[in-house]
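Residue numbers (this note's numbering), protein chains in the order written: chain W, 946 to 1160; chain Y, 946 to 1160; chain Z, 946 to 1160; chain X, 946 to 1160; chain G, 946 to 1160; chain H, 946 to 1160; chain L, 946 to 1160; chain V, 946 to 1160.
Honestly, the hints are just simulated from the structure, not real lab data. Treat the hints with caution; some may be incorrect.
[Stated by the list, open to error] Keeping only pairs whose Cα atoms sit at most 35 Å apart, straight-line, the calculated DSBU-like set for lysine-lysine is:
{"#": "1", "chain 1": "H", "residue 1": "K1016", "chain 2": "X", "residue 2": "K969"}
{"#": "2", "chain 1": "G", "residue 1": "K974", "chain 2": "Z", "residue 2": "K990"}
{"#": "3", "chain 1": "G", "residue 1": "K1158", "chain 2": "Z", "residue 2": "K1006"}
[As the list claims (entries may be wrong)] Have a look at the derived ranges for each label pair, beta carbon to beta carbon:
{"#": "4", "chain 1": "V", "residue 1": "D1077", "chain 2": "W", "residue 2": "E963", "range": "35 to 43 Å"}
{"#": "5", "chain 1": "W", "residue 1": "K997", "chain 2": "Z", "residue 2": "N976", "range": "47 to 55 Å"}
{"#": "6", "chain 1": "V", "residue 1": "N1160", "chain 2": "Y", "residue 2": "K985", "range": "49 to 57 Å"}
{"#": "7", "chain 1": "H", "residue 1": "E957", "chain 2": "Y", "residue 2": "K985", "range": "52 to 60 Å"}
{"#": "8", "chain 1": "Y", "residue 1": "R1157", "chain 2": "G", "residue 2": "K969", "range": "42 to 50 Å"}
{"#": "9", "chain 1": "W", "residue 1": "T989", "chain 2": "Z", "residue 2": "K969", "range": "22 to 30 Å"}
[Unchecked claim] Examples of chain X residues lying across from chain Y (beta carbon under 8 Å, computed):
{"#": "10", "residue": "G949"}
{"#": "11", "residue": "T971"}
{"#": "12", "residue": "F1014"}
{"#": "13", "residue": "S1033"}
{"#": "14", "residue": "V1110"}
{"#": "15", "residue": "Y1112"}
All of these numbers come straight from a predicted model, not from anything done at the bench. Glycine is no exception: its CB is placed at the ideal position from the N, C-alpha and C atoms.
There are 8 protein chains.
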Amino acid sequence: KRRGIPEVIFAETKEIDEIKKIVKKTLEKSNSVIISRIKKKDYTKILAFAKKLKITIKTGKNSSTLLLFKKPITFHGGRVGILTAGTSDIGVAEESRLMCEAMNCKCITGYDVGVAGIQRIFPILKKMIKEDVDCIIVAAGMEGALATLVSSMVDIPVIGIPTSVGYGYGEKGIAALASMLQSCSLGLSVVNIDNGIAAGGIAANIANRSIRKKN
Amino acid sequence: KRRGIPEVIFAETKEIDEIKKIVKKTLEKSNSVIISRIKKKDYTKILAFAKKLKITIKTGKNSSTLLLFKKPITFHGGRVGILTAGTSDIGVAEESRLMCEAMNCKCITGYDVGVAGIQRIFPILKKMIKEDVDCIIVAAGMEGALATLVSSMVDIPVIGIPTSVGYGYGEKGIAALASMLQSCSLGLSVVNIDNGIAAGGIAANIANRSIRKKN
Amino acid sequence: KRRGIPEVIFAETKEIDEIKKIVKKTLEKSNSVIISRIKKKDYTKILAFAKKLKITIKTGKNSSTLLLFKKPITFHGGRVGILTAGTSDIGVAEESRLMCEAMNCKCITGYDVGVAGIQRIFPILKKMIKEDVDCIIVAAGMEGALATLVSSMVDIPVIGIPTSVGYGYGEKGIAALASMLQSCSLGLSVVNIDNGIAAGGIAANIANRSIRKKN
Amino acid sequence: KRRGIPEVIFAETKEIDEIKKIVKKTLEKSNSVIISRIKKKDYTKILAFAKKLKITIKTGKNSSTLLLFKKPITFHGGRVGILTAGTSDIGVAEESRLMCEAMNCKCITGYDVGVAGIQRIFPILKKMIKEDVDCIIVAAGMEGALATLVSSMVDIPVIGIPTSVGYGYGEKGIAALASMLQSCSLGLSVVNIDNGIAAGGIAANIANRSIRKKN
Amino acid sequence: KRRGIPEVIFAETKEIDEIKKIVKKTLEKSNSVIISRIKKKDYTKILAFAKKLKITIKTGKNSSTLLLFKKPITFHGGRVGILTAGTSDIGVAEESRLMCEAMNCKCITGYDVGVAGIQRIFPILKKMIKEDVDCIIVAAGMEGALATLVSSMVDIPVIGIPTSVGYGYGEKGIAALASMLQSCSLGLSVVNIDNGIAAGGIAANIANRSIRKKN
Amino acid sequence: KRRGIPEVIFAETKEIDEIKKIVKKTLEKSNSVIISRIKKKDYTKILAFAKKLKITIKTGKNSSTLLLFKKPITFHGGRVGILTAGTSDIGVAEESRLMCEAMNCKCITGYDVGVAGIQRIFPILKKMIKEDVDCIIVAAGMEGALATLVSSMVDIPVIGIPTSVGYGYGEKGIAALASMLQSCSLGLSVVNIDNGIAAGGIAANIANRSIRKKN
Amino acid sequence: KRRGIPEVIFAETKEIDEIKKIVKKTLEKSNSVIISRIKKKDYTKILAFAKKLKITIKTGKNSSTLLLFKKPITFHGGRVGILTAGTSDIGVAEESRLMCEAMNCKCITGYDVGVAGIQRIFPILKKMIKEDVDCIIVAAGMEGALATLVSSMVDIPVIGIPTSVGYGYGEKGIAALASMLQSCSLGLSVVNIDNGIAAGGIAANIANRSIRKKN
Amino acid sequence: KRRGIPEVIFAETKEIDEIKKIVKKTLEKSNSVIISRIKKKDYTKILAFAKKLKITIKTGKNSSTLLLFKKPITFHGGRVGILTAGTSDIGVAEESRLMCEAMNCKCITGYDVGVAGIQRIFPILKKMIKEDVDCIIVAAGMEGALATLVSSMVDIPVIGIPTSVGYGYGEKGIAALASMLQSCSLGLSVVNIDNGIAAGGIAANIANRSIRKKN
Ligand SMILES: Nc1ncnc2c1ncn2[C@@H]1O[C@H](COP(=O)(O)O)[C@@H](O)[C@H]1O
Ligand SMILES: Nc1ncnc2c1ncn2[C@@H]1O[C@H](COP(=O)(O)O)[C@@H](O)[C@H]1O
Ligand SMILES: Nc1ncnc2c1ncn2[C@@H]1O[C@H](COP(=O)(O)O)[C@@H](O)[C@H]1O
Ligand SMILES: Nc1ncnc2c1ncn2[C@@H]1O[C@H](COP(=O)(O)O)[C@@H](O)[C@H]1O
Ligand SMILES: [Mg+2]
Ligand SMILES: [Mg+2]
Ligand SMILES: [Mg+2]
Ligand SMILES: [Mg+2]
Ligand SMILES: [Mg+2]
Ligand SMILES: [Mg+2]
Ligand SMILES: [Mg+2]
Ligand SMILES: [Mg+2]
């Protein structure tokens, strides 16, 4: 079995009862489970369900993803930086954070640093370098330029998440995805649009390997 | 009739004899004519044809476009700045330059300033501001980020030209076009992929109006 | 800092409380703020919120965009013409008008002049030329032919806004965008589908530079 | 069997020997045959082959299509008008003409009337109305606006042929096709990109029915 | 002015009050008006509004389109055949019927003749030929094969309407549109997906010209 | 190991020397090998290579695929019918035939039966039913209607191969693929555009299972 | 008439009353009818309607499809295996099961065997081989890899159904469809996205022919 | 300046003289330079040019990329595993290898392990785990399933490169890209189609950070 990757339930296409059943079954054999892309109407139901079962819950700002766990999660893994270009990308970034934390990574976050002016990016990047993060996740919609920019300024591997923010031609994250893939800034790879889970998974993966090497 | 917009012959879908015939007919009633997207095999034939007719020719670096004129063209119009991200975008930028010059604009160019490092953009932008250009054209391929960047740093209207440089998803200028259209940097509008003629036309248009106001 | 470009809040992906918070913070340091693409259910809430704070509001016909300001806005900038092909394009055109007015431009508008018959376009174009507008915005959906038509009749730079009006193949503004980009009428550049903000931004930019030159 | 529709050989995907064989077999039972989209290298071979067999040939300007027939073709059918926007659309328009003539229609053509200025369209349209054509074919590339324009000015049914002229977004006739389909001008239907055969077929069909009614 | 083409109001993007205003204004100078793509919630409101104004209304089965007129409409024009492949295409076909009737054409309809078995098409086609229709409209979704089939069996010009019936790859009428455009059956041209108005307009146009010739 | 499926070498992206090496290695352990999508310039080289090695070769009409084998191949498997709409689809159909024969199936073919007239399909279908084929492959380009038609007339499973014949919208087999996928005729499944190998593989698979059951 | 293929009503675009009418008419001449893609709001209405008419109903888990029949259906036909990758694909798989059962096939199902780990696939595949199924249906969303995998492990023909599960680039089944079509595993053909009916139809078709041969 | 990332010249859109000039200039200040996507006709010219200048060259099998360096490159960095599904993906994989080696990484390669049978993947994966690689690059075309498969079997971060191998729907790497992005196997991120440079860049980046931590 692969180490440290939590079970993730894709809730969007499941009924609430199916979700509950899978949660229960999963927590019998693991300490934690992530439920992602929860329908609005099911979100509070899952909170209540967890409370009744005395399962602890971690939520994400503006996020439809939840992390459920039994014993407290410790951050003995690597460190991951998480950035968003705008405030609209925070929900996706938080999904990544929950995933990373479930995989025992400490996260340093900097949200809404990419749209209003280039200068806001410098202090947070400096902090991430100082904290020695092993991977930086950048969530950005519209033209998605922040991922390229960050990757061109640091030696740290960058995982770009195009987000489905924007309208008109290139909407739904398509322009951001295309830009990130076309980027000529080396040190950048991408996951699918809005897929905070996948970004969190590989980032934690990178950070945790790095820390194991160090130890 | 509209003032100062030269006749442009779209050579790509025309036989050399048709082109020659249209050139002749056009130069009977105007001082200049532009021939754009000339097939490789026709380029030198047109140079020879012009020479024989004692028509002066202006060429563009790496460009398939030619400007032909009878009396010398003076630069009594406005000023236009032209930038490219890489060396591969120069041909398209030069097409814009020929178009602007045919419309009596003086051009300040800065090529290959966008890929290798952000720092190369500052001196040339400073120069353009000092020369008081009224419009800046930015030709960029791949993810096309330079247009957004420039537009976010100046108050001058920017015309973005996505170029067909790049491969894979978003190739043929599609990623650059999508990025520029999705850009949240105000002060930017775009023309079609590789269309240096259209960019030159509107830029000269803006610059010349501005100068007329001034006078 | 760039002169005269107001802060624009993209409301579509934000909760009402986030919007209010950003409005407050912005108006502390600027005189005006634009809120665009407001969700239907939030529109009246924002009107009420502004009223309570004694902030003046300018609305646009059929538009989901609002302009909020503290001190009255004067029209000491340039002049911009705004046209729409049909009545369905008015909301987007009004977004451009609010943006231009926030940037101190006087707007001359002519709505619904492009569909029923070509003859309706002439008097309004004549008026715009007489008022000496420095830029014309043309909002058009379906096949978007009005932008090409206007641009081929005047020397004034034209900014085309494809609108998401229409259905079937080329729906959601795609046909209009493609037409405007393919247009062989020089003097036309485009912004993204329904993006009245971007069109207003560059048009006011052009008009205001022109007026500064004159003065 | 359907009346008056000639056999059409689609040459693009056939070897020269297959083409010759089909021509021979077809001319055994019909008076005429059309060969369309002939590869450059096969064009003169087919001319020679026809000459040797004493079959008369009708060619089209800039066209890869040929009409072969044994007995002279008379124009006792209806009348069809054929227009092109630019010179680059002539090859496709000529394919339509050959098809119409094979179906015994007299054609009135007006080429290169749509790009340089709207005024060139009026005399030729007036002539077509006077000659009482029953259908007008309009071949146009880039944004394909001429089809909409013509259809909005006459009561005669218009068949639009988008042509594959243009480059960048909407290239290969896609923008022209989308525009014509989105057109809000009633009286217009379309055939596929570059398909002069299909346009000729339905136009002649319409014109010939009309003339039969009259007689 | 063009003869016999009624004003058509595109209701989808208009508010009910705008629609009412345009209806009133139009009926002041014409006898009839068509309102197409009426939102569900507005449909009965318009019926009531017409009733109150004593305007006669013609509805179409499953159709969101209405024909309003003052004096009775006579069928002194040509004849048009209208076919649908399935029952799901009837709404669009009825839109065409209303348009044709507004243009004084008599319509012969045959609905749901194309899906369950090829044999159902023959009696209705025979009837249409006997009634001497001058044009046949074929509305078909999914793979849209009925238009090709009909056009290959008759000499009458066929106007294909791809309908947005179907799901998966090629959904929303895209497969049907592509098929009809690729069809190698001569005598077929198409309008945009679900555009019963456009099909009705050109079909009536063809039929009415034919009848005028006859008279 | 799976029974009876020959090794297939995809030659398009391989150099001639790589191909030869793989052929040799494969024929050491199997009796036959198929080489598909051979570049024009390599075709005769492979023929020569096989001759020198005394390997028997089976070619297909108009096909870029070759079947190489050591001991004669017997047809003790099931029976497969193979149809094409036009003559341009024969190369792809022949690729399927070679694949089926390599899998010991007897093939009954009927080429060019779908375009010129529906009546040509009946005798060949009757023959296939009489020969009791267990699967019918239908290769068709343009709108690909033949696959739907055949499948609606027989109880035998049909495998559709969209071919890349056609031009304009839906070109390169896209319209044919979309039509076949949208087809409401039950008993039809498809393989990718031009993929005669895949169609042959599953058809032989079906036919051979059927024959094994019988025995 | 074709044997054993039940009438299938496509409910998505039909009103409840139309559906009831067609059900009644169909059951007058056949023993069974399938209603597919029933709108949520109509599902229980149809259950009630069937109950009142004393028609037996078979439902599918998570499926919007119903099988209605008068006399009990016997499984004297062939055998079909049905697999899904995730729990989200079950509804589509159940649609296939209902179709197969209506065609007298016995189904062996294995759901949710493809996502969490490759090992879950082996026991169910072994069982299907032992039960000697003649065709395996594989429903899979996201990247749809299960269809390729299964087809590479068995000699049994596989019908892939891409399902519309997933989000971002390649969403709505597009990635799964593309993967299955590109699959280099021989023995696989596909139906359209979410089209459990089509998959069931051809699978039962294959299985029933095989059983007839055996008998 | 960023550590250890070599200059990469994108040769596809450059003339040979430009390339030579950039090579010279780059090698004045760095030890190595990579030239990627060299046109066939320029490849040997660059080899000769390097030889004349006494620059050492490293080539890649089937690759259009070259690594030029002055002093020998040592492998004191991390370790990277590189896999390809077929032989057609080797050229792209070799581009990654050259990039990794230029960044001082030792590469363990396993080519052609993914198509013919799943069993070939195990020994090479075992070796990579034993050699303790810090990142695995997987180059795969067609449906690109190998990247998902590898990523689901190891804890090592995987970078997928979709390659432009394949034809028909999803060709040019589009299916492989979509599959990899849709993959529900955590631990996978992707670069653009055929972009061995980008994959090599981030993989070496990850591996080198890891090794630095260890030291
Ligand atoms: N939001 C998500 N995005 C991508 N993959 C996910 C997501 N949530 C869950 N998954 C994956 O999808 C699989 C669950 O599929 P299912 O059985 O339908 O819940 C697990 O292997 C997860 O790793
Ligand atoms: N490179 C170009 N890009 C866009 N439009 C062009 C270009 N060259 C010429 N044109 C326009 O295309 C028209 C010429 O069409 P044609 O008659 O085919 O030469 C003129 O109106 C030009 O303004
Ligand atoms: N240029 C063309 N465009 C569209 N259809 C054509 C064309 N040329 C021939 N066809 C049709 O294609 C069919 C011939 O196909 P084939 O047997 O391959 O020659 C005939 O039915 C023609 O009507
Ligand atoms: N094959 C390649 N794929 C993607 N980016 C590349 C490739 N080759 C070079 N680049 C990048 O493109 C830039 C070079 O652009 P240019 O000035 O046109 O040579 C450099 O920053 C490289 O990192
Ligand atoms: Mg970096
Ligand atoms: Mg700016
Ligand atoms: Mg103009
Ligand atoms: Mg008209
Ligand atoms: Mg016909
Ligand atoms: Mg069948
Ligand atoms: Mg198999
Ligand atoms: Mg992994």
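Status of the hints after comparison with the structure:
no.	hint	verdict
1	K1016/H <-> K969/X	42 Å, violated
2	K974/G <-> K990/Z	42 Å, violated
3	K1158/G <-> K1006/Z	48 Å, violated
4	D1077/V <-> E963/W: 35 to 43 Å	40 Å, holds
5	K997/W <-> N976/Z: 47 to 55 Å	52 Å, holds
6	N1160/V <-> K985/Y: 49 to 57 Å	54 Å, holds
7	E957/H <-> K985/Y: 52 to 60 Å	27 Å, violated
8	R1157/Y <-> K969/G: 42 to 50 Å	46 Å, holds
9	T989/W <-> K969/Z: 22 to 30 Å	29 Å, holds
10	G949	33 Å, violated
11	T971	31 Å, violated
12	F1014	27 Å, violated
13	S1033	4 Å, holds
14	V1110	6 Å, holds
15	Y1112	6 Å, holds
In this structure, the hints that do not hold are numbers 1, 2, 3, 7, 10, 11 and 12, in rising order.
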